[in-house]
Amino acid sequence: MKFGKYLSLKRSERKLTIRKLASMIGISPAFLCDLESGDRAFPANSKKYPKLLDKMINELNLNEEEKKIFVQLANESMLEKDKVSSEVKDYLLNVPRAQEALRIAAASNATDADWELFIKSLKKDK
Amino acid sequence: MITWTKQAFNKKGVLQVTHNELEEFAYAQLKDYKKDYFKKPHPLDVDDFLENYLCLDVKFQKLSPNGSRYGTTVIKDGLVPIVANDTDKFECRYYKSGTICVDIEACKNDEHIINFTLCHESGHSQFDLNIDENLIDCGTYIDDLVVLDGKIVKRKNDRDWMEYHAS
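Going down the list, the protein sequences come from chains A and B.
With our numbering, letter number 108 in the first sequence gets 108, and the count goes up by one each step, no holes.
With our numbering, letter number 46 in the second sequence gets 46, and the count goes up by one each step, no holes.
Bound-form chain A, shown alone:
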């Protein structure tokens, strides 16, 4: 499970609304939505959001097991943002059809063979 989904799950379990939790931890509702949807990675060592992780853990009242998972997922989220190169990220942001293609590929469990065929077809047209 990704950090955003886990955050959303824990918030929902505690019947906290988006605006309520955002207010409790000092971030905007829009930023909280972005974190939950995975559109933004957890901000590491952010001056704008100091001790955000601790605030989240406290306000969500996580037990030790949940806290461990939460911290691990937040760390993974911070690392993930560096794995996708910026040019790929920019391309995806500016080409909605590419996003659609990726979603369909993920939903249909596209294999390496499927991608190889697709890449070949792209190169052939050029």
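I should point out that these hints are in silico values taken from the structure, not numbers from a laboratory.
Please read these numbers as outputs of a predicted model, since none were measured by experiment.
Fair warning: there could be bad hints in the mix.
Which stretches of chain A does chain B cover? Using the computed rule of at least three CB atoms under 8 Å from a CB of chain B, they are [as the list claims (entries may be wrong)]: (1) 19–29; (2) 106–118.
Away from chain B, derived, C-beta distances all over 12 Å, residues of chain A [unchecked claim]: (3) Met1; (4) Leu16; (5) Leu32; (6) Asp34; (7) Asp39; (8) Pro50; (9) Asp54; (10) Ile57; (11) Leu62; (12) Glu65; (13) Lys68; (14) Asn75; (15) Val88; (16) Val95; (17) Lys124.
Dumping the calculated DSS-like pairs for lysine-lysine here, alpha-carbon to alpha-carbon at most 25 Å [claimed, not checked]: (18) A:Lys20 to B:Lys108; (19) A:Lys5 to B:Lys76; (20) A:Lys15 to B:Lys39; (21) B:Lys108 to B:Lys62; (22) B:Lys31 to B:Lys6; (23) B:Lys76 to A:Lys20; (24) A:Lys2 to B:Lys96; (25) A:Lys67 to A:Lys10; (26) A:Lys5 to B:Lys62; (27) A:Lys89 to A:Lys2; (28) A:Lys20 to B:Lys35; (29) A:Lys20 to B:Lys40; (30) A:Lys10 to A:Lys55; (31) B:Lys96 to B:Lys6; (32) A:Lys20 to A:Lys5.
Ideal placement from N, C-alpha and C gives every residue a C-beta, glycine not left out.
Given chain A's structure and the hints, the job is docking chain B onto it.
Using the frame of chain A, we list chain B on its own:
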């Protein structure tokens, strides 16, 4: 959960009910939400009602660069143009049918406007997800006169009905 029966919708999936029926529906929903809701006057926690009772997927996103769009409802699964919070540029996000998006900045951070927008969009999310977009009439008013609740009123087009019920 209180929902409308199939008979409340026309052939194109547009809800068509009277003002009184809408009031009764709202009353039934609020009573279902909290049994003692009407015992004494108090404000409605709109966010809690939408997120925890109606279980709607609520997103707070910037929808336009100039604040011209207060809110939107996703009728069918698909890409929705939003203004990304970190880059301030348009991008498309994939949202599922029923998701409602509200732009708090466009609502001037006014609690009344935000709450009205949330409730309005929740109306669309509850009532309008089964519309046939190819069939609904978005054109000019139909000038027929019909009788609703004993009053003669101008019949509206499908899009008007959708906005009327949501509001």
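Results of checking the hints against the structure:
no. : hint                : verdict
1   : 19–29               : holds (count 4)
2   : 106–118             : violated (count 0)
3   : Met1                : holds, 18 Å
4   : Leu16               : violated, 9 Å
5   : Leu32               : violated, 8 Å
6   : Asp34               : violated, 6 Å
7   : Asp39               : violated, 7 Å
8   : Pro50               : holds, 18 Å
9   : Asp54               : holds, 23 Å
10  : Ile57               : holds, 21 Å
11  : Leu62               : holds, 19 Å
12  : Glu65               : holds, 24 Å
13  : Lys68               : holds, 27 Å
14  : Asn75               : holds, 20 Å
15  : Val88               : holds, 14 Å
16  : Val95               : violated, 9 Å
17  : Lys124              : holds, 28 Å
18  : A:Lys20 to B:Lys108 : holds, 18 Å
19  : A:Lys5 to B:Lys76   : holds, 22 Å
20  : A:Lys15 to B:Lys39  : holds, 23 Å
21  : B:Lys108 to B:Lys62 : holds, 12 Å
22  : B:Lys31 to B:Lys6   : holds, 22 Å
23  : B:Lys76 to A:Lys20  : violated, 28 Å
24  : A:Lys2 to B:Lys96   : holds, 19 Å
25  : A:Lys67 to A:Lys10  : holds, 11 Å
26  : A:Lys5 to B:Lys62   : holds, 21 Å
27  : A:Lys89 to A:Lys2   : holds, 19 Å
28  : A:Lys20 to B:Lys35  : holds, 23 Å
29  : A:Lys20 to B:Lys40  : holds, 24 Å
30  : A:Lys10 to A:Lys55  : holds, 14 Å
31  : B:Lys96 to B:Lys6   : holds, 23 Å
32  : A:Lys20 to A:Lys5   : holds, 18 Å
Of the numbered hints listed earlier, those contradicted by the structure are 2, 4, 5, 6, 7, 16 and 23.
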